[in-house]
Structure formats: structure tokens, C-alpha cells
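Enquirer: The residues making up each chain are set out below.
Protein chains: 2
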Amino acid sequence: MSTPYDLTANKPAPSNLAYVPFVSVDNMMRIIAEKGVETIIEGIAGYIEADFKRWDEFDKKPRIPAHAPEGVIELMPTSDGKTFGFKYVNGHPGNTRSGRQTVTGFGVLADLVNGYPVLFTEMTILTALRTAATSALVARYLAPKNARTMAIIGNGAQSDFQCLGFKQLVGITDIRAYDIDAAASQRLKRNLAGSGLNVTVCSSPEEAIEGADIVTTVTADKKSATILTDNMIGSGVHINAVGGDCPGKTELHKDILLRSDIFVELPEQTRIEGEIQQLAPDHKVTELWQVMRGEVPGRTSESQITLFDSVGFAIEDFAALCYLREILKTTAHFEKLDLLADPDDPRDLYGMVLRATVGQTNAA
Amino acid sequence: MSTPYDLTANKPAPSNLAYVPFVSVDNMMRIIAEKGVETIIEGIAGYIEADFKRWDEFDKKPRIPAHAPEGVIELMPTSDGKTFGFKYVNGHPGNTRSGRQTVTGFGVLADLVNGYPVLFTEMTILTALRTAATSALVARYLAPKNARTMAIIGNGAQSDFQCLGFKQLVGITDIRAYDIDAAASQRLKRNLAGSGLNVTVCSSPEEAIEGADIVTTVTADKKSATILTDNMIGSGVHINAVGGDCPGKTELHKDILLRSDIFVELPEQTRIEGEIQQLAPDHKVTELWQVMRGEVPGRTSESQITLFDSVGFAIEDFAALCYLREILKTTAHFEKLDLLADPDDPRDLYGMVLRATVGQTNAA
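So the protein sequences, as listed, match chains P and H.
Residues in the first sequence are numbered consecutively from 1, following the working numbering.
Residues in the second sequence are numbered consecutively from 1001, following the working numbering.
Do not take every clue at face value.
[Claimed, not checked] Among the chain H residues that face chain P by a calculated CB cut under 10 Å, a handful are: (1) Asn1027; (2) Ile1064; (3) Gln1101; (4) Ala1332; (5) Arg1355.
For the record, the hints were derived by calculation from the structure and aren't laboratory data.
Cβ atoms here follow ideal geometry from the backbone N, Cα and C, with glycine treated the same way.
Please construct the entire structure, taking both the sequences and the accompanying hints into account.
Expert: Pasting the structure below:
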């Protein structure tokens, strides 16, 4: 077993300067196996909450997109002035036809003081974990007290993580699952069989939301859909709207929005990407960081409908990356990537190349 | 010896979907050893020229910076609508004090049609190669005919690559090297001993530029310096100003700029980062892509002073990444990185994690 790389060392041995810790998909799964998925979601949620509480320390850049007819690739950078992080993420709804993921990603964390990357990681799984962590964390502030039942509409790649996050952070015990593809709901039920969650597969959205304290929507189609209509939502419910997350992609009927108190990550971004793209640009929304800081209230009454219009924000990825960097200190499940040129003399980059070249020539 | 990964395959086997070709620093050096540094610089120059000629097809975003007192980390993305590329690069002038590189980087190329990365690579060495390729390519359009002698002021990490690029693309035979640190010039001379270039170490900038057809400035200090003053530059010279590349960092006296015809990559960027930050914001400059397309002339007389105010642009990195992807088809010097989650069923991301978890538990 290899010794964990000490990420806290101020002056690692020179040879270590070339290496960046890398968490592959395989190692991410090993880390989850080692630590437990709920523990990790809760750990990430803790980092997200702490970072939301120091909101003003962050550089809040908009995402940088590159568009094609088939989808989008985005870079999502942020920084707190000491550490820099970014995520590469794509969104290509047609990808499942070629056996690819709709959304994949990777992430990088770097030391802004010397510019060197300190972590490179797969971020397809980590994004699902941080999205679930954000949703469940927000629900701790907004869901009705003693919520036990969650409807989940859209039972794709994100849904399992959402359910496990709500179990761990909110205390959800019962899941009511609906998907237009019944096999997806069966898959979700099967995957959650050993989790302690009681999963009921439902044959309609109406059936799913029956008796639900929380309604999570997490469908994947890149279009304006109406997963929920106004008459389906009773008073007191918390809606966790995850799937409507880019221009032209919404899940909720506008009338639900008008009846709800809406909570968002970063208003400028959510007004473009979230459910509230359907509303006037000055429609009142509440920023979650203010709720977490206790500066404005979250849920104020039992009858209130609260809505988390989730689109995903760079600070959540930053928090997830920082959490991962921290737990790498306690696991051997990562590699060292030879990513950074590290000549003996920093001014002699070509000398390093040349000596490698000569070495090769001699060996040939 | 492993079989090169076929990057052109439209439908690789499902298991390959998880893997991204990765060129480590060690493999970059092996590739250079295998192909030859001049061949690679010339190859990259060909890609840069082709991409400059289709300038309007590119998305020309500004760099996205994150600043700290010690330096900057930048993301430099671009896309031609089919392929997306970006470079991560830092600039930390104080880094050499801790044995780190002032500038390091890595790069990613991705298929914009499905959003999947197709190449991940070190980019410290590759950036030095593409900077040399750009400089030498531009000199083919701007340097005086039959240029044989180049002065190079600043003999740090970039200088060797510059000299080799000018040898290969322009036909330079004689190098006159000056650095405030004489050891750096000796290092350069030593590294170029087997290259066929005749290197003269000079004790002042004035001595270095004596008889030079081309003057390359590539110093590293992050400040406004005056490496060249007006009286040092005679008529007919081509100046390749590489080192002045961010706000507050210039190398040339303003009067030289006023006597020169100035050629730039992207005016909006160069006016902020280049030598011309010293000039009025509407000072006439010529865009190199127009010169390469034959739409405007390059050098028009023997007495003209031409100046390439180089700052480095994302399209050059894109071209270098595309070139590297191409030559990976002919080498075994890369790895496959398990970067992308690839569940059997794209909608069953958690199932993949769960099965890995169960496998681990059973094995334990």
C-alpha cells in the first residue's frame, strides 16, 4: 500500500513538484466504497455550507460556455483568493444514444499563491454527489419540519444520489418514484434496496407526489417541459427543482413559481438557466447564502411552498473539490500524475528535454 | 509496445469511452526525442498558420484570469464549433525561488459534438514549443529576406525553443545571446551545442544586437523594463517581442514602438497585455491572420522595422493541441486516463458505484 501524498506539506521534495494527485473514476468509486456515499454527501454539504457562509470571499464568475447544436461544454471557475478551482462539464442530451453520459466532467483545484494544481479529478460522480449535497443541505433550511416522504420525478443518473442525500441530511425515509420510463424507477428501487429507504414506484407524477413533503424534479430532456402543474402542488411542500438548469430547459409550470417562495444560488445565473427564466427579470428571489448566514429567513410557515431553483454553481464544485482534497489525506485511492515539468533548474526547461532525448538516443 | 489509441474512430468500443489519452511530461519528452524538436515546432507552426487563415471560424474569448498578489492563473478557451480546447496556465514570477516554474500549464482538447475530452496533456513544454512556433512562423512573413543572425535577449526557459524554431522555419544560423545572468547565456550555448546553431555569448544587449537581422526579447521580470532603447534598433530589423505579455510587463522603449510597424495576434488582447499597452488605444496595428491570408502585406520594404508584439493567444494553444492529437496516432508515448465515468447504462451512474462498492466489500 502506498503512502498518501501529503498535500499539506509546505515544501515537498523537489521531485514531488512534478506530480498532481489524480482521482480516476475507479478510485472515486473506491473512495466511496471506503467512506460510504452518505458520509461523503454529508461531508461535501458541510463544505458547501461553510463556503456559502463566506460568499463574499469568492470570485463569482459566470460560466464560460462553448456551444454546438448537440450541446454545450462549460468551464466553471471560481476562487477565494487563496485557492482556485474549476470544473469542466458538458451537457449533451443526445449522448445516451451513443452510450455516453449526458453530463460528464472533471475538476481541478490549484494553489493560487504559486499557480500549481493540487488536485485533478473525475467529476461526473463528484458532481452527482455535490448536487445531491446542495439539494439536501438547502432542504434542511426550507423543507417542512419532520419531512419523511419525498417524491422524485425523473429517475435517471442523479436520482439515487438525491435520495441518499435527503436520507442522510433531512431524514427522509420514504421515496415515491416516477419516470416516464418505468424501468428507470425499477432501477432506482433496486439500487436503493439496501439503503434503508422505502421506495414506492408510481405510475404517474400525481401518484408520486401524494403525501410527499418534498418534491424533487430531476428530469433530463433539454426542453421546456411541465413535469408539475399548479393543481398538483399543495400547501407546505418544498420543491427541489434540479432538472431545469439551462436556457430553454424548465420543468415546472409558471403558476407554481408564482405561488412559491423561490430560493436560488446566484440570481444572475438562475434567471438565465433556472425555472425562473419563465418569470419577470425582477421577480423576487432569496439568495441561499443569506439564509445560511441567518440574515434572511428560510421557511416561515407550515403552509408556505418553498422552491429551490437549483442550477448548480461553481462554489459548490469548489467545495466538493476541497472536501476531496481533504479526504485524500486519509486514503490511498489516488494516483500521482506527472503533469508539471520540473527541471532541476527552472530556467532550463529545454535542458531537461535534451537530457531525456539524449538518454533515449543512447538507449535506442 | 502498446497499440496507439485510434483517436479517429467514430465508434470506439464502449470501454474506451472512459479513457482520455494523456501526455505526461515524461511522455512529452519521449515524443520530442522520437520526432525531433524542430520537426515538432514546424508541425505546430503549420497548424497555427492553418488556424490563423480560418480566423473567423473561432470563438475568440478573452482569457479568464484569477489573480493573487503572487501571480495569476488563467483559463484560455477557444472553439471552432467542432472542437473545443483550453489551456490552464499560471504566471508566478517568484516561483523560481521555491524551485517551481514561473509558467506551467496543461491543456485539454474535446469533441464539441459529444462534449467528451479527447486529449489531456502537460502544456509547460508544449507552450514553449507553440510560442517558438508562432514567433518563427510570424518571422517568415515579417523578417528581412535571408535573415541569418538573431539576437536573443533573455536566455531563460523559452529561449532555446525560440532559437530552434527560428533555425528550422526562418533559416537562422547565428545566435547572439545576452542575459543579465551570464550563466543563463552559457546554459543556452551549451544546450544548443549540437543543434547546428552558432551561439555567441554577449556581454551587453548592444553587443548582442550587433549585425542581427532579428531581435528576440524574451525576459521574465514582471515589470516594465526597457530591454531595448530606441537608438539600439537600426532600420530593416524584425523585432520578436515575446516577454512583454501582461499588464505592467513590457520590454521595449516606447520610441521603438513608434518607429515600428506593429503586428499582433488579437488587438483587443494585445492592447492590454502587450508592448502596445504603452501606446494610445487606437494606435494602428496589423492583425497577423490578415497577413497570413494575404489580405494585407507583411514586410513591404528593406528599411522597415517590423515588430511582432507577441502575447500568446488561445488559438495557438488550440493548434498545438490539435497537432499533438494528430501525432499521437504515430506514437505509443501516451497513457489512457480513466477520467470519464462510463456505466453500462448511462442512466445508472449510482449502479456502477454500487457494484464497485459491493465488489470491494466482498473482497475485504
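Enquirer: Taking the hints in turn, state whether each one holds.
Expert: Going down the list of hints, with the structure as the test:
no. : hint    : verdict
1   : Asn1027 : 8 Å, holds
2   : Ile1064 : 6 Å, holds
3   : Gln1101 : 5 Å, holds
4   : Ala1332 : 13 Å, violated
5   : Arg1355 : 9 Å, holds
Taken one by one, the earlier hints fail for this structure only at number 4.
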